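> Input sequences plus hints: build the corresponding full structure.
Those sequence lines, one after another, are chains A and B. Going by this note's numbering, the letters in the first sequence line up with residues 1 to 128, in that order. Going by this note's numbering, the letters in the second sequence line up with residues 129 to 250, in that order.
These are computed hints drawn from the structure, not numbers from a lab. Small disclaimer: the values here were computed from a predicted structure and weren't measured.
Only pairs whose alpha carbons sit at most 25 Å apart, straight line, appear in this in silico DSS-like list of lysine-lysine: (1) B/Lys250 <-> B/Lys206; (2) B/Lys250 <-> B/Lys192; (3) B/Lys230 <-> B/Lys192; (4) B/Lys206 <-> B/Lys237; (5) A/Lys110 <-> B/Lys230; (6) A/Lys110 <-> B/Lys237; (7) B/Lys192 <-> B/Lys237; (8) B/Lys244 <-> A/Lys110.
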Amino acid sequence: MITGACLCEANAFELDASPGPVTACHCGQCRRYSGFHAASIDCDGTSMRWLRQGHLTRFTHAGGSTRVFCGRCGTKLWFEYADGGLSLEAGMMDAPTGTRLAEHIFVADKGDFYDIADGVPQQQGWDD
Amino acid sequence: MTMGRCLCGDITFTVNTTPTGASVCHCGQCRKQSGHLWASAQAPAAEVEIDGPVHWYDASGIAKRGFCPRCGSFLFWKAHDEDMISLALGALDEPTGITLEKHIFTADKGDYYDIKDGLPQK
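Below is the structure:
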């Protein structure tokens with residue numbers, strides 16, 4: 001069982017199955033949003049339960065994808081793809097998470113203030 | 129001059145000096161609020177002009193964290209008793225002229241990634 005909560009505890013979840021791999025995104029939108037770069041886990045909504053939700057705030061991009069965060073504490077909760085798929089933000093998972101960072105994507109757009117040196121596979125865009 | 133903005137553009141900021149001490153914070157609060165890790169550099173608050181409706185959240189009693197209430201971008205961290213403010217590096221317009229110098233609060237890092245870039249860890 002994986003658990004997690006936002007900073008102010010208004011949102012909390014449980015995940016039955018082991019989560020899938022973590023993907024780090026270096027696109028310009030994820031960098032502005034996170035402050036560095038994003039990391040999230042594509043997630044089957046049926047395997048997770050929200051124990052409580054509050055202050056949910058949604059920001060939808062022109063392309064239809066949506067970022068959801070807690071409007072009180074700012075914790076990043078999940079990303080919704082335009083086709084409805086979900087990706088859970090990695091930062092709010094409690095340890096042990098039972099998962100690993102497995103891929104960097106959109107590295108062609110990465111910020112100029114850091115290098116990626118962890119040996120994890122890199123994709124220039126979404127899927128090279 | 130260094131300039132930055134949030135994802136939706138409601139909040140912009142200008143720094144009249146080059147921010148210093150670029151670091152990645154691995155504390156649990158920054159990991160939740162960023163969604164993974166938070167990278168920032170510091171500048172004197174008096175040298176930073178912020179325009180827009182920043183939502184401040186005090187998670188610890190010692191500092192406040194600023195984000196955009198519309199798009200959620202995590203932009204600022206400021207200790208109540210310090211004159212410096214930390215600015216999100218991801219929010220800066222490029223070229224930033226800034227290079228990461230260190231990792232902090234690595235004792236609290238997440239268990240799903242490794243730090244292998246050779247920078248000092250505290």
